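From first to last, the protein sequence lines are chains A, B and C. According to the working numbering, the first sequence is numbered sequentially starting from 1. According to the working numbering, the second sequence is numbered sequentially starting from 1. According to the working numbering, the third sequence is numbered sequentially starting from 1.
For the record, the hints were derived by calculation from the structure and aren't laboratory data. Predicted model, so just to flag it, every value in this text is computed and none were measured. There are no misleading hints in this set.
Here are the simulated EDC-like cross-link-like pairs (lysine to aspartate or glutamate), alpha carbons at most 20 Å apart as the crow flies:
| no. | chain 1 | residue 1 | chain 2 | residue 2 |
| --- | --- | --- | --- | --- |
| 1 | A | K469 | A | E565 |
| 2 | A | K4 | B | D93 |
| 3 | C | K60 | C | E143 |
| 4 | C | K60 | B | D53 |
| 5 | A | K430 | C | E277 |
| 6 | A | K257 | A | D106 |
| 7 | C | K189 | B | E127 |
| 8 | C | K189 | A | D618 |
| 9 | A | K24 | B | E76 |
| 10 | A | K22 | B | D93 |
| 11 | C | K7 | A | D106 |
| 12 | C | K98 | B | E127 |
| 13 | A | K430 | C | D280 |
| 14 | C | K189 | B | D123 |
| 15 | C | K7 | A | E112 |
| 16 | C | K189 | B | D122 |
| 17 | A | K3 | A | D498 |
| 18 | A | K430 | C | D242 |
| 19 | A | K740 | A | E369 |
| 20 | C | K264 | A | E729 |
| 21 | C | K189 | A | D617 |
| 22 | A | K609 | C | D280 |
| 23 | A | K22 | B | D30 |
| 24 | C | K98 | B | D123 |
| 25 | C | K189 | A | E613 |
| 26 | C | K264 | A | D730 |
| 27 | C | K98 | C | E79 |
| 28 | A | K467 | A | E548 |
| 29 | C | K176 | C | E210 |
| 30 | C | K189 | A | D608 |
| 31 | A | K609 | C | E284 |
| 32 | A | K24 | B | D30 |
| 33 | A | K107 | B | D30 |
| 34 | A | K257 | A | E194 |
| 35 | C | K7 | C | E47 |
| 36 | A | K22 | B | E73 |
| 37 | A | K609 | C | E277 |
| 38 | A | K254 | A | D106 |
| 39 | C | K189 | A | D730 |
| 40 | A | K51 | A | E120 |
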Amino acid sequence: MNKKWVGRNVPRKEGVEKVTGKSKYVDDLTFPDMIYGITVRSKVPRGKIQKIHFAKHINWDEFTIVTAKDVPGENVVALIESDQPFLVDEEIRHPQEPILLLAHPDKSLLEEARRSIQIEVEPLAPVLSIEDSLNKKQIIYGEDNVIKEYLISKGNTDEVWTQAHKIICEKYQTGAQEQLYIENNGMIAIANEEEVTIWGSMQCPYYIHKALIPLFNLPAEKIRIVQTATGGGFGGKEEYPSIIAGHAALLARKAKKPVKLMYDRAEDMVATTKRHPSHTTHKIAVDENGKLLAIDIDFILDGGAYATLSAVVLSRGALHAVGPYECDNIRVRARAVATNRPPQGAFRGFGAPQSIFALERNLDLVAKEMNMCPVELRKRNFLKRGVENATGQMMEEDIRIDKVLDMALEKSDYFAKKKQFAIHNSQNNKTFKGIGLATFYHGAGFTGSGEVHLASIVGARLTAQGKVKILAASTEIGQGTNTIFSQIAADALGVSYDLIEIENPDTAKVPNSGPTVASRTCMIVGKLVESAVWGIRDTLQKSNLLQENYSEEQFISASKKYLEEFGELKMFVKYKPPAGIKWDDKNYRGAAYSAYAWAAYVAEVTIDKYTCEVSLDDFVAVQEVGEVVHPILAEGQIEGGVAQGIGYALYENIVWRDGQMANNQMTNYIMPTTLDAPSIRVFFTEPFTPGSVRKGIGELPLDGTAPAIISAVENATGQHICHAPLMPEDLMDCIEKGTK
Amino acid sequence: MNEISFKVNGKSETVNVHPFSRLLDVLRNDLQLTGTKEGCGEGECGACSVFIDGVLTNSCLIPIAQVQNCEVETIEGVAEGEKIHKVQRAFIDMGGAQCGICTPGMIMATLNILRDQPHPNDDAIREGLAGNFCRCTGYTKIIDAVKKSIEEREDESISS
Amino acid sequence: MRAYLPKYNLTSATSLDHALQLLDNGNRPIAGGTDLMVLFDTGNLPEGNYVSIHSLNELKGICISDEYVKIGALTTYSELRQNEVIRDEFPCIYEAAKVTGGIAIQNRGTIGGNIANASPAADTPPALLVYNASLKIISSTDEKNIEYKNFHKDYKQTQLAANELIKEIILPRQNKHKLHYYRKVGTRKAQAISKICIAALANFTKEKIENVKISVASVAPTVVRCTKTEDYFCGKQYSQIDIHEAQQVLQTEISAIDDIRSTKNYRVRVTCNLIQEFFDLITEENNE
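So that you can see chain A by itself, here it is in the shape it has in the complex:
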C-alpha cells in the first residue's frame, strides 16, 4: 500500500471550527423551551438519609424535582458491577452522592434553591484511607472492603530471597489526580416515556447508551446518544458522563422539556472521578551483577465508594507493574479497596502510572544500593525478543528498548550533564541540579480478552458526493481521531484526505466501535477503519464499477454510479483478534496486550535551596510507537501527556477533607502554566519491526514522566523519594529531616 497521507502533517479535520470558536460544545447549544438542571448531593461521607428539608422562601412548585422514586427502571449505573445508584435512596456512601435533582428555567435561582435544601443524615463512621480500609476499621464493601484482587505469579519468588546478593524493599505512594479537562462535564436531554436522546461531552457514547437502557427500561433503539464537541477527556469523561446523562434525562422526562445539566468547575472537580491513589510495597532481589532475581509487589489502589472501573484500572496497573524488564520470579498481588470517597476512575495511564512509579523508583534505589549507574542496571535487565514477560507472554518483536534509551541519553546529554551537575552541587549554595530517567512500556488496547469481548464494529458508507464517510463511535476529544481515521482511510483507498468524512458519533448513526480509551483508537479502531473502507472498494470492484487500479475521479464516479443503481453502500467490519494472541483471565497468564509502545524519558531539574521549588529545565521523551500516523498530532499527544505527568509529579496535590477534595478550584489545584512546563522535546525512533502495527500512544507519556522527574530530584538532592506529588513542602522535609 502506497502511503501518501499516513505520516504527513495534514491539517486536522475540525481545525477551522476550533480556531474560530465555531465548534459547538454542549454548553454552546440551546433547544427551544430548554430549562436547566442541578444536582443536590450528600455532604457527609457515610450515613443514612433521614429527611429532606426544603426551605420555605423558595416556591418549589416552579421546580421539577427528581428523587430515586422517579427512576422508571433500575436505579443503577450499569458498568462492570451494578453497585452505584443514579440517585441515593437511603444509604450515603461518599460525600458527593447525588440525592436529588432540580430543574428550572432560571439558572441563577437553581443555585439558590440548591443552597436551600437540607438533607438530614444519620451519620455512620466512614473509611477514608487505604490503611483503614485494609484494616477493616469499618466494613463498607463486601466482606473485607476489597473491590477486586489479582495475583500475577511467575517462577517462585520465595525461593530466591536467600540466594540474593541484595534485597531492596520500600513503600511507595502516589496521590489522586484530577483530569482537569478545560471543558466541564455537561449533558442536554430530551426524554419522554418512550424515548431518550442525549447530547453531551463524552468519550464513550455506547457506555452511556448501555447505562440508560436499564435506567429507563427502554429498548436499545429508543435511547440515542450524540457526542457534541468535547473539550478534553483524559479518562475523566469515560464513565461519569453516564450519570450526568441519566440525571439530565430523568429531569427532562419529568419536566417534559429539554434539560441542560452543566457542572461548573467546583462541582466537576469535587464530584467526578480521579486517578486512583496508590500504595505499593516493592521488594526486589538482585544478584551481584545487578540482574533481577525476584520482584514481589503488593499494589493497592483506593477505589472509592463504588466499583466503577477499579477492577480494570487495577488490572492494567498490575500488568505494568514489572515493566519492560526480564525477571524469572515475579509475584504481583494487586488489590483495589473501598473507601467512602467519591469513586476514582479512569485517567490516562489507567493504573500503570501508579505501578510504574513504584517500580522505577525502586530500581533507582537498587542502583544506588548497588553503587551502579541507573542506566546500566536497566540495560542489564531489559526484555528482549524471545523472552517472556511477567505474564508469560513471549516477546516476539525485535525489542530494542536499549536503543530507545540510548537515544534519550544522547538527546538529553545525560552523562555529561550528570557530571556537570555533581560539580555544580558541590559548589553552588543556592541550587541543586539533577537529571533522572525512566524506562517503560505501555500495552495498547483493552487488556487480555477485552478486545474480543468488546467485538468492536466500524462502518463506512458512500455519500451522495461519492465521498467515503467513516462510521465509528470513537470520539474526537482533541487527540485527533477524525484526522487519523481520514489519513488511514485515504491511504487504504488511495484517494485524497479530503475525500474522507467522519460521521459524528451518534448511536443512531454509528456502530459501537468500542470506547475511546486504552490508547486503542489508532491501533485497534484504525485497523477496522482500514478494513471497512476496503469493503467499500471491494464492493465497487466486484460490481465492475471500479478497476483494480483507479484514479480518485474514477473512484468518485464509481461511487456515484453505485448509489444511482443500488441506493446506498454501507460496509461494516468486526474486530478479529490477531492470530496467536491467547489470554487466560483466570490465572492472569498469556498475552495481556497484542502490542506495546516502548519509551525512555529523561528529566532535568533545578531545585531552589531556599524554597525547595523544583523547576524543569529540560524534558526529553523518546519512544517507539510503531508507525506514526501524524507526527504533529503524535508529538502533541506526548507533550500533553508529559505536561500532565509534570503536574502529577510536582504540582497536582489533592487536599482531602472528610473524604472529598477541598481544593476544588483551579486557583488551588495547581496545574502547570506556560511558565511551569518546560519545552518538551519529543522523538520517535524507527519502528523495531519495519511495517509494524501502529501502537497506542495516548497513555504512554503519563507512565514515565513522574518517575523520571522524581529520579532527577533524587539525583539532585541525594534523597530517595518515595511519593508523588512531591510538593516543595514535602521536599523540604525530605532534605532536612530525611523523610521519604
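Position chains B and C relative to chain A; hints supplied.
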C-alpha cells in the same frame, strides 16, 4: 435590569440584563457568541479571554455594567468572514489546537502578545500565555504557533 | 456562576462624588473585580448593593513630583509595570505587579483593590510597606492621609470605614537603597496565590549593614513589617551577624498557619530561608 450598550466586534449591541451579569454570560447567552468559553469562572484559566477597549480581560470577572460604552472583541471577530486570521492558521498548522476549548482564549492572548510587543522572545511568549491554561498540548505546540505568527509578521514587515 | 442575581445590585458611579454618596447609602465598592467577582462567581460575595468605581478618572493615573510618586488607587498592575519610575525606583512594586496573576488579571486588577481587599496573601502590600507608603483616604465629608503600616488591623480588618475609599497611594521618593529584594513563593509561577511573599531593602557598606527594611506576607493574619528583625541587622558589622539569630527574631514576628496551599512549617522555614537569601545577596554585592 439595566440597559447596557456596547460594541462587540464593531457592531453596536444593547442588552437589558442585571447589571451584575457577567460579560461572559451576556456574550454567550444574550448575543449567542459562544466562541468565548467558560473553564473555571474565577479568572484562572483564561478560556473566556476577550479584549475590552483593546485590553485583554477575563470576561468571567466582568460585571456587564462595567462594559457600558466599551468596545469588546471576541474570537468571532478575529477571522474576516470565511478568511481565517494568520494566527488561527498557525494554530492549525502547528498543532496548537487539540480539544479546542482553550483555543479561542489562547488566540486572544496570542493577539495580545502580537499587539503589545514588536519582537517577543520565548520568555515574553510564555509570560503572555501564562494566564491561559491548556490541558491537552503541554503548551509546546501553542508556543510554536505563536512563534510562527511572529515570524510571519516579521517576514511581512521585511518584504513591505 | 453560583450567585443569585436578585440579591445584588450594581450601580456605576459617574463621578467620585457620586461614588462617595453611594457609599454613604450603604453601597460597597467594586473596582477591577479580580477579587470580588471571584467571590461572586463562587456564590460567596456578601449580598447587597455595590457601586462600580471602575471608570472614575479621579482615581486613575500615576503622578510624579520631586518628592513623591502618587499612584491612583485604580492603577492596574499593568500600568505599574509600564511606569519607568516605579520600575527604577520601586523595583519591589514592579516585581510584585509582574508576578500577580497573569496578563489579563494584571490588566484589570488595581493596586487600591489589592490593598482594600486586605488579603494577607496579596502581592503588593509587602512592597508598599518597605517603601513607607501612605494612603490618601476620602469620604464624602473628609480626606486624610494615613501611614500604610497602620492600615491593616487584623485578618481582613482595615482602617477603611464603609463610607471611605482609598484615593491614592503615596510613595516618598527619597528612597535610595542599594538592594531591593522581592520574592514571591507561589503555588506555581503564574496565576498563583503566594505561600510566602517578602519585600526587603538594604543599605550597607563594606563594613556593616546600615539599615534594612523587611516585610512579609502570607505568614500572618496581615502583611507584616518585621521591625525587630530590621533592628537586629541595623548598624551591625558583618562579623556580628548570626543569620540564625536573625531568623529566631523573625520567627517571633510572624504567625504562619496550615492552609489549603501550604503548611505552617514550610512557611516559617522558607521565610527564614529568604532572610538568608536576602543576607546572601547583600554579602555577594559586597564581594563584587
